[in-house]
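Generate the whole structure from the sequences, applying the supplied hints.
These protein sequence lines map, in sequence, to chains A and B.
Each residue of the first sequence is one higher than the last, beginning at 1 in the working numbering.
Each residue of the second sequence is one higher than the last, beginning at 1 in the working numbering.
None of these hints come from the bench; they were simulated from the model.
All residues carry an ideal CB built from backbone N, CA and C; glycine is no exception.
Where hints are given, some of them may not hold.
[Stated by the list, open to error] DSSO-like, lysine-lysine: derived pairs with alpha carbons at most 27 Å apart:
1. A:7 to B:5
2. B:134 to B:5
3. B:119 to A:116
4. B:111 to A:21
5. B:111 to A:7
6. B:81 to A:21
[As the list claims (entries may be wrong)] A few chain A residues facing chain B, derived, Cβ under 7 Å:
7. 9
8. 10
9. 14
10. 31
11. 33
12. 34
13. 58
14. 62
Number of protein chains: 2
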Amino acid sequence: MELLKQKIMTDGEVYEGNILKVDCFLNHQIDVPFLREIGKEVHRLFSDCEVNKILTIESSGIAIGSMVAQEFGCPLVFAKKNKTKNIAGDVYSTPVESFTHGTTYNVMISKRFLGKGDKVLIVDDFLAVGNALKGLITMVNESGAELVGCSAVIEKGYQHGGDKLREQGIRVESLAIIESMDHITGEIVFRN
Amino acid sequence: MELLKQKIMTDGEVYEGNILKVDCFLNHQIDVPFLREIGKEVHRLFSDCEVNKILTIESSGIAIGSMVAQEFGCPLVFAKKNKTKNIAGDVYSTPVESFTHGTTYNVMISKRFLGKGDKVLIVDDFLAVGNALKGLITMVNESGAELVGCSAVIEKGYQHGGDKLREQGIRVESLAIIESMDHITGEIVFRN
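Pasting the structure below:
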């Protein structure tokens, strides 16, 4: 998505250790009018798949998930990272290792909101090593729902999470795939 | 908002201890087309206030925040509950006691995204004792931004957080205010 690549080059900041900061428009301050365009593009890519549920993970997947669900006119479910008082009853649950935080946490979804008959599109802001997506896919499979595919706003191609999922036959559509970044020059190279 | 009251009565579940579960449409599974109507109503209430920034707190404020920001055509900023690698530099920070979880956590906002010239509307899914809103208001005041008001989807009137803020002269518009609930009969009484 050309508009997104331009936005990343204009507003993104590259730091040592292959860190791309896009918190001015994607995951702290959110450029909602821009994110709406992202939602429309994801809808265009999966428009023929009869998607009836969008699935994401808290927190930074929720805004993009809302925009995508709006285009499909369907509900969004977000997986929770901690059990709260307000999730009662049976849940799907799986451990997810956070690459960013260096910890493992349990992710859960109430069984009431995912199951047979659901055609699920998973969305998230970032796809790097792919642990969050793998956890969500595990729960979709356990639930008996059908996985239509996955879509990330930004994929870090050099961390290979997306390619590993594609090798397993899962449709993964990222709107921008970064092949390499240089924190000294600030250069960002996208996959064609 | 009549549509919301009906939704709460149809889909909400009342449990012992004054717990209202609306996780089927508001804070786990999200009825995005419905939430869009909520966003339009919040926009209608504050349409003459020149709002140029929506502020909320992760996680369950993000979806409603996105819908409200969409109507105003402005950015959404969500306060983070934990410091991550991806927030660099100076932040506003304040402790918030969680009534639901019985813990205190630090909430923070990057100084780059809140400051003089911002006319801020704070939104959240629930308003009970009001600790989250109070924390957000503290940071808005510290930043030099102007607070236009606060809007919660559901206010638990019997926990008085909203009324205490109103007594301080803060404009608080909740779309449904619950005066009492009965977990045996399931009855929910709204404030007129």
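Task: Broken hints, by number - done: 1, 3, 7, 8, 9 and 12
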